[in-house]
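With the hints as a guide, bring both chains together as one complex.
Taken in sequence, the protein lines are chains A and B.
So in the working numbering, spot 102 of the first sequence is number 102, and the numbers just go up one at a time.
So in the working numbering, spot 79 of the second sequence is number 79, and the numbers just go up one at a time.
Hints listed in this document are in silico derivations from the structure and should not be mistaken for laboratory results.
It should be emphasised that the depicted structure is a prediction, and the values quoted were computed from it without experimental measurement.
Quick reminder that beta carbons are idealized off the backbone N, C-alpha and C, glycines included.
Heads up, some of the hints might be wrong.
Over 12 angstroms on every C-beta distance to chain A, these chain B residues come out as not near it, computed from the model [unchecked claim]:
id: 1; residue: K111
id: 2; residue: D113
id: 3; residue: E144
id: 4; residue: A148
id: 5; residue: T153
Here are some of the chain A residues that sit facing chain B, going by a computed Cβ distance under 10 angstroms [stated by the list, open to error]:
id: 6; residue: R68
id: 7; residue: Y73
id: 8; residue: V74
id: 9; residue: L153
id: 10; residue: S438
id: 11; residue: E443
id: 12; residue: E597
id: 13; residue: L605
id: 14; residue: G610
id: 15; residue: P619
id: 16; residue: E715
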Amino acid sequence: MATKRKTGPKKAPRKKYRPLRAAFLKLTLLALLIGTVGFIVYGSYLDKTIRRKFDGKRWSIPAVVYARPLELYVDLALTPETLEEELQLGGYRREQAAKDPGGYERGGNVIRLVTRDFAFADGLEKSAAVTVSFSGQRIASIKRTDSGETLPLVRLDPARIGSFHPREHEDRILLARKDLPNLLVKTLIAVEDRHFYRHFGVDPLAVIRAMFANIRAGETVQGGSTLTQQLVKNFFLDNRRTLWRKINEAVMAVLLEMHYSKDEILTAYANEIFLGQDGGRAVHGFGLASQFYFRRDLADISPAQIALLVGLIKGPSYYDPRRHVDRCLQRRQAVLDMMLAEGVIDREAHKTALAVKIEEGDTFQSGFNRYPAFLALVRRHLDRDYHEEDLTTDGLKILTTLDPQVQMQVERELSKTLAALEKQGKRQDLEGAVVVSSREGGEILAVAGGRKPRDSGFNRALDAMRPIGSLIKPAVYLTALQNGYTLASPVQDVALTLDNEGGKKWRPANFDKKEHGRVPLYEALAHSYNLATVRTGMDIGVEKVAANVRLLGVDRDFPPLPSFLLGAAPMTPLEVSQMYQTLASGGFYLPQRVIGEVLTADNKLVKRYGLSVEQRFGPELVFLLNTALKKVVSEGTGRGLGAYLPDSLQAAGKTGTSDDLRDSWFVGFTGDRLGVVWIGCDDNKPTGLTGATGALVAWGNIMRSLHPQVLELAEPPGIEWGKADLRGFAQSGSEGRAELLLPFIAGSMPQGAERPSASPLVEKIEDAGASIFNTIRGWFR
Amino acid sequence: MKCGKVGRLWHIFRLVILLSAITLPLHGCARRAPVEGVSTPRQEESPARQEEAAASREKESGAAAGALLVSARQAEQAGQFSRAEMALERALRLAPRDAKLWREMALLKLKQDDYGQAEQFCLKSNTLAGDDRELTRKNWVTLEKIYARLGKTEKVAEARRKALASE
Chain A
1 MATKRKTGPK KAPRKKYRPL RAAFLKLTLL ALLIGTVGFI VYGSYLDKTI
51 RRKFDGKRWS IPAVVYARPL ELYVDLALTP ETLEEELQLG GYRREQAAKD
101 PGGYERGGNV IRLVTRDFAF ADGLEKSAAV TVSFSGQRIA SIKRTDSGET
151 LPLVRLDPAR IGSFHPREHE DRILLARKDL PNLLVKTLIA VEDRHFYRHF
201 GVDPLAVIRA MFANIRAGET VQGGSTLTQQ LVKNFFLDNR RTLWRKINEA
251 VMAVLLEMHY SKDEILTAYA NEIFLGQDGG RAVHGFGLAS QFYFRRDLAD
301 ISPAQIALLV GLIKGPSYYD PRRHVDRCLQ RRQAVLDMML AEGVIDREAH
351 KTALAVKIEE GDTFQSGFNR YPAFLALVRR HLDRDYHEED LTTDGLKILT
401 TLDPQVQMQV ERELSKTLAA LEKQGKRQDL EGAVVVSSRE GGEILAVAGG
451 RKPRDSGFNR ALDAMRPIGS LIKPAVYLTA LQNGYTLASP VQDVALTLDN
501 EGGKKWRPAN FDKKEHGRVP LYEALAHSYN LATVRTGMDI GVEKVAANVR
551 LLGVDRDFPP LPSFLLGAAP MTPLEVSQMY QTLASGGFYL PQRVIGEVLT
601 ADNKLVKRYG LSVEQRFGPE LVFLLNTALK KVVSEGTGRG LGAYLPDSLQ
651 AAGKTGTSDD LRDSWFVGFT GDRLGVVWIG CDDNKPTGLT GATGALVAWG
701 NIMRSLHPQV LELAEPPGIE WGKADLRGFA QSGSEGRAEL LLPFIAGSMP
751 QGAERPSASP LVEKIEDAGA SIFNTIRGWF R
Chain B
1 MKCGKVGRLW HIFRLVILLS AITLPLHGCA RRAPVEGVST PRQEESPARQ
51 EEAAASREKE SGAAAGALLV SARQAEQAGQ FSRAEMALER ALRLAPRDAK
101 LWREMALLKL KQDDYGQAEQ FCLKSNTLAG DDRELTRKNW VTLEKIYARL
151 GKTEKVAEAR RKALASE
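Only chain B is shown next, with the shape it has when bound in the complex (with noise of 0.2 angstroms):
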């Protein structure tokens, strides 16, 4: 009988730990920013980010390539970079002028150490930036970075005059 009541409590302790264990990743979940799709930004991102997010979604590429941009940088977030490049990639596809986008897809691939993909996406996105001289300065700004992460001092001094030149 003993034997029986431990093993009952045994039991019901089990349930607990089990319950506990299937809830508190929900609670994670709700807390998690929205599911892939919708267009509202990132609780943690930066308020120029946001702006930068914002901007590309409403005067350029629309709510779907937005949306998009945004599931893109949610898995750039969990470190899914393959997923995030994906998410980039579609977002490209709506909108293959976007500048911004091509941007991000810069900064995606300095993420993972690809200096080389990292500047020829800065590049791009430059020759398509037209008017919007903060983005191109950002981009020799990551030029800048880039080269320096390269051993190129010739090319980080030619960015660096850009960078100033567009401010």
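Bound-form chain A, shown alone (with noise of 0.2 angstroms):
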């Protein structure tokens, strides 16, 4: 202790300066160390960031969807307009004379076209140049556009309808290294950032040089971001130019460049740039900005193109080629510039480019993710079998059944009926639902969920469930058939007080207030009498009606209530379209499908929804009930189809009406296809319309403008024909009574009842041409 003392005051003056000078070493030391533990857990954090993105983005490809693709033969119902719509549809590009895969031109009544590859399920559909020659609304042949050689059927490639990205809005075409053109690839280098392949993700020379150039020309004229900074900050989409911002990309973009490859970062930012506004899509990457521009691959694409799209990355809106054709051309002439002065092009492909003009603005929108309403049905049965992850990172490659020419006229068709409707009527907010289905494949060719296509929110089509009114009597008749009445069966259509839910009375009545006293059981369907349907409904059994409206493949409990018998059940349209595809195709339950094929992205088969039938209810009977359905359009409630379609047609069909008018409905289907209408307010108030003045007329309009085929019924064996006695019967509006001919299954015709001396195979076995030569003349009725 003594020493210490001692040596105490020596050190003294030591002693005061010593703590300061620690203190302060300390507090550098410690400053520096937070400093450093900071920077790295911040540059750790940055990196862990720019890592997760970039390798999401490199490994999430949206899964696409194709509609069908169409099948071009001889004698197939199509005009040289609907195929170039469709065409379009499918990024065709029109030209002058079409030689690459993907161009057409057209002359009159002559299309020639080049399909492009396309791998289907079945295999690949390699790309063929055909001529396809029209006459009278039909193809007339289709040859080899070089060898001049007969094909009996071309599958052209489908076009894209929509993708599922975990980004809504956004869509991209991948492209790997090895896809990006070597002169594209030369000109982003020359105009973005010259020393890319030196530079070690920043450039301070660029920056300095940019900045000498802002200073001269006293505005922002040059960047000094590389392409790997552009890209960062392409990841994070933040426009905000400040210092803080440039710094964090500064560093994340030499922390990309430790981990990935010039090669990489290169195809990344060519997947990621943002190049323009699709309607509410952004278009990212060239790949679809050359699409979108062009309508041709990347691959394909001249100089200029190339010059033009570099161009853009400027200022995709600044530069629109479609809204700014003269500026986007100082770009482009500006780009090529600097092209030739790099050494990229020579002088005279710079004179050649330099000529081209700027393409005009294709105003045509593309089918891409245009029809919300069918991809919510793709998405809904793809949730069935597959997670969301495979969906929006797999590049699962969807084919579906949508057939844009249908889909189209039902969007067209049905905006027109509502307008027209809105206009003699009181509502004004009138919205509707439609779903077109194969009579014989029940393969979904359009949904409508609502009158605005693009309008990706209530799907009514899927989701609106409303009172089925009469559209379930065919449901109650044919349980009837099943269970000993015939066709000329009399019921009573004649008041009556029921025990509904909760011990309450019910009384129904007709539509039309009105009692028709004893009426044959076709009758009564055709004219949709309420009546005659409880009572036959109650004498067979509620429960059994319900049970086959099961069967019909309405996968739904159905309290057994006699209101039942009137369609007190709600449905959305898409259960009817799957409760009357039975009836469609004879009896047999098909159930409905959206997709055909689910691939991968290397075309692998992943899944296939094939055709599977199954009989649910007998062909005799079915043929009963359908020959009753056809009564309905030709002397019954849907007689007023007169007026949209030729009677030789011959469809079958039922209205649907629910209390005070809410619910406008109609099915019917033609020899080729069923579809369903529904039309009402969204706040379920009375529209004024029942299912003749409402839904029928769009139906009408609907198939009218889609070349429909004759309806000829399938006659099973074991049918036997008669005119059956019907004197008994009350009067009735309906003409030719005493001379029609009745469908009974063998054994059950009733008594008295008078067998034809020839087989009234007429209407059956109708010529096949006549039938054709009806259906075109029914057009131009």
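Given below as structure tokens:
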């Protein structure tokens, strides 16, 4: 202790000085330490962020959805205009002379086109140059353009109609490094980042050069950002020009360069860069931009087009080639000059490219995500078998059943009809939904979820549950036919009172508030008599009817209340469609399909949704019922269809109206298609429309635009025809009752029925030529 | 030097093997039936089947569906049932009411031991067969086989009766 004290005074001055210096040192060290740790922590945070972003982007390839491929063959009902419309939708470009894949030319009744390679589930369909000639609204011949060889069938590559991307309203066509044309890469480097292959993420020289240039010009004329920095900027889509952001960007750029090769960065850049806006969809990457602006694959674009795209990077909307042609041209010429100066192109190519005009703005909107209602249904079917992740990252190819021609007509005619109905009526906010499917295949060809087809909001076709009214009646009478009734059986259309839910009394009435007395069953269905239907249904039992509705394909339990017999059963238009599909296909249940196949990104078949059928009702029963459904159209509540379609079409259908005219329905089928139309208001208020004055009109307009085929019912063996003795029935407006031939299941013909001398097959085996003629004649009515 | 000679000989030998490996399958290809989409029936098809194909091609479904039927059969013969089904479904899309195509689908399902769907497609074919008694008879004969396989004795008898009735 003493010694310490002795030495103490000697060290006193140093003692005073040392703590200060030590503290300072310590503080500096601490600050340095904190700084370093902070820097490392923050750096590694940035590192993690940027790597996650980069890897995520690289591997997330959205599932792409395709329409059905158009099959061209001789005699197909198709006009050159319709084919052109379909080609446009599929991203084909009109040219003077079609020679590259994806091009077509048209001269009057002849269209020459070059299809693109497409890998279908059953193999690669090679690109083919074909010449299609039309005559009389049909395809007259299909030939190979080069050899003139006649082809029986040509399958076009299908149109892309949408994609499932994690970020909505975005889409991309992802390209690999090898898919990037050399000229594009060289131009990019010449224009945007000359030292790309030499710098480490940032290019200080370029920054200094840009600074001087900007000072001289007094405004920002040049950027010093490298491609890597631009990529980082694009990843975070933040346009704030703050210093902090710039520093972050620079650090992340350097980090990116540490982890990934130049080629990886370049490829990511080419797929990520923002190049324009297509309505609600952002156009990212050169692959999609090339399709969007030129309707060509990136591999097929010219030097002038490359210059245009690279020029766009500076400001996609400022230099928009469709809205600001002059500005865009100036920018492109400047890029071409840079290309020449940097030796990317030679004088000759430079001169040629300068002379190229900017192609006229192609205003036709591509099919991309144009059909949100249909895509929603595709999505729902996919969700049964796939996880969200599979759909947004694996680049699956989904081949659907959408028929763009049908879809376009459905959209057009629905909105036209609704507008026309509103002019006549009181309501101004009518809505509608439509589902069209193929009659024998159960493939859903078109879906309208509302009158505004681009709206991806409430999808009424899938989600609007509305009482189906008289659409239930075919199920009631099918059950009756199953239980001993015939089409000529007398049924009583006379008032009655029943106990409904909770012991409440229920007094159904006819639409015209009248009673029609004793009528034959087929008339009760054709004229949609409520009292007769309820009496018949009560006689056979509501449970049996409800069970048959289930068998028809509506996968739901309905309480077997008497009011069920008049359609107090809410269903969606899609469910109604499935229910009638079973009738349209002759008693076979076909699960309706929207997806044909799912393929991996490299075209391996993952899943196929094949055709399957299951007989649920005897063909004789359904034949009888469908004959009565034809009567609905020829003389019953559906006869208004005659204003839209020729009688020779012999369509079958049924009207439906719910209480207080809230819902207007029509379902019907022709030889080739089944269609369901619903019209109503979202607030569920009365529309003032019956099935016949509302939905039927839309159905007629839609089908008329689709070149429908004549409905010929296949008569199964074991059917007998006879004139039933209908003298004991009440008078009715129905003409020719006495002469009417009705089909009966063998052995069920009522006493006193008169068999015809000759088989009444005239209707059935109508000459095919004549029916085609009738169809054609019908279009001109 | 010797070593080099042996090496060269070995090289030539390898070339020969390689060349023949390449050309052999080509010979196979040349002998094989026409490319997909061309509507000539295959050589090894039985006359009855050829007739059936020709009839369905000309009468009901036209050349396009006929071409697809041919490629469906080619795929089937090659054991590619999924491809065959896809081709048939394409044909059915063009000619959905062609009873013969539905029967073809039934036969294809039968080949894959899918008796349930084979039965259903036969029934479907029958509802569209109309006056074609021969087709109806064939479908009942097939159904008889199917029911026998499924052990549905009652239905076997019924199918046999209906097959006889269609003769």
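**Request:** Identify whether the interface hint at L153 (chain A) stands, where standing means a beta carbon of chain B within less than 10 angstroms of its own.
**Result:** 4 angstroms, holds
**Message:** Hint validation: R68 (chain A) versus chain B, beta carbon distance must be below 10 angstroms. Holds or violated?
**Reply:** With Cβ-Cβ at 8 angstroms, under 10 angstroms, it holds.
**Request:** Closer than 10 angstroms between Cβ atoms is the bar; does V74 (chain A) clear it against chain B? Give me holds or violated.
**Result:** For V74 (chain A), the interface hint holds, since the closest Cβ of chain B sits about 7 angstroms away, which is under 10 angstroms.
**Item:** Satisfaction of the E597 (chain A) interface hint, Cβ to chain B closer than 10 angstroms
**Value:** Status holds, d = 8 angstroms.
**Message:** Would the non-interface assignment of A148 (chain B) survive a Cβ cutoff of 12 angstroms against chain A?
**Reply:** Answer for A148 (chain B): holds, closest chain A Cβ roughly 19 angstroms.
**Prompt:** Minimum Cβ distance from G610 (chain A) to chain B below 10 angstroms?
**Reply:** With Cβ-Cβ at 6 angstroms, under 10 angstroms, it holds.
**Message:** Min Cβ distance, L605 (chain A) to chain B: is it shorter than 10 angstroms?
**Reply:** This interface hint holds because 7 angstroms falls under the 10 angstroms limit.
**Asked** For T153 (chain B), which was marked as not at the interface, is the minimum beta-carbon distance to chain A over 12 angstroms?
**Response** Since the minimum Cβ distance to chain A is about 20 angstroms, T153 (chain B) lies beyond 12 angstroms and the statement holds.
**Prompt:** Are E443 (chain A) and chain B close enough, Cβ to Cβ, to be under 10 angstroms, as the hint says?
**Reply:** With Cβ-Cβ at 8 angstroms, under 10 angstroms, it holds.
**Item:** Proposed interface contact between P619 (chain A) and chain B, which counts if any beta carbon pair is under 10 angstroms
**Value:** 4 angstroms, holds
**Asked** Can we keep the Y73 (chain A) interface hint, with Cβ of chain B closer than 10 angstroms?
**Response** Holds: closest Cβ of chain B sits about 4 angstroms from Y73 (chain A), inside 10 angstroms.
**Item:** D113 (chain B) non-interfacial with respect to chain A [C-beta, more than 12 angstroms]
**Value:** 15 angstroms, holds
The structure shown violates none of the earlier numbered hints.
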